[in-house]
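Undergrad: Going by our numbering, the sequence shown opens with residue 361, and the numbers climb by one from there.
Hints were generated in silico from the structure; no laboratory data involved. Heads up, some of the hints might be wrong.
FRET-style restraints, in silico, Cβ to Cβ [to be verified]:
| no. | residue 1 | residue 2 | range |
| --- | --- | --- | --- |
| 1 | Lys371 | Arg458 | 29 to 35 Å |
| 2 | Phe463 | Glu370 | 16 to 22 Å |
| 3 | Pro393 | Phe478 | 15 to 21 Å |
| 4 | Thr425 | Leu367 | 29 to 35 Å |
Every residue gets a Cβ at the ideal spot worked out from N, C-alpha and C, and that includes glycine.
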Amino acid sequence: MEEGPMLVEEKLIGNVLVVKLKDSCLDASVAAPLKKRLHEHTGNGCTKLVLDLGWVEFMDSSGLTVIISTLKTLKEQGGQLVLSGAGPALTSLFQLTRLDKVFKVYPNTGQAVRALSF
Numbered sequence: 361m362e363e364g365p366m367l368v369e370e371k372l373i374g375n376v377l378v379v380k381l382k383d384s385c386l387d388a389s390v391a392a393p394l395k396k397r398l399h400e401h402t403g404n405g406c407t408k409l410v411l412d413l414g415w416v417e418f419m420d421s422s423g424l425t426v427i428i429s430t431l432k433t434l435k436e437q438g439g440q441l442v443l444s445g446a447g448p449a450l451t452s453l454f455q456l457t458r459l460d461k462v463f464k465v466y467p468n469t470g471q472a473v474r475a476l477s478f
């Protein structure tokens with residue numbers, strides 16, 4: 361399967377890396393390059409990461425796998441991953457899969473960054 365283009369915007373705010381996915385779908389075509397990018401950051405010492413999902417309207421199991429894998433990696437390193445900007449469809453998905461109990465989800469990136477900036 362050929363990977364599609366991945367549109368992300370990355371910004372370091374203090375010691376918190378914000379990765380904004382600028383695609384409406386987090387599916388198999390985006391998951392592999394996103395996982396590679398996120399794991400490059402965690403491999404380079406990033407321990408506080410906000411994944412901004414404000415643009416994402418659809419996420420499949422491969423997308424869920426990426427964020428779960430990144431959370432696991434960060435926890436093993438003593439770090440944290442939080443999510444921001446999840447719309448109604450993603451909020452329902454997180455509730456249905458009970459991942460709302462696993463991830464801290466903030467309404468916006470500013471609140472997510474503040475939560476990690478201690």
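Undergrad: All hints, please: hold or fail.
TA: Against the structure, the hints:
1. Lys371 - Arg458: 29 to 35 Å: Given a distance of about 30 Å, which is inside 29 to 35 Å, the answer is holds.
2. Phe463 - Glu370: 16 to 22 Å: Holds - the Cβ-Cβ distance for Phe463 and Glu370, about 20 Å, lies within 16 to 22 Å.
3. Pro393 - Phe478: 15 to 21 Å: violated, 31 Å
4. Thr425 - Leu367: 29 to 35 Å: violated, 20 Å
Violated hints, listed in ascending order, are 3, 4; each of the other numbered hints is respected by the structure.
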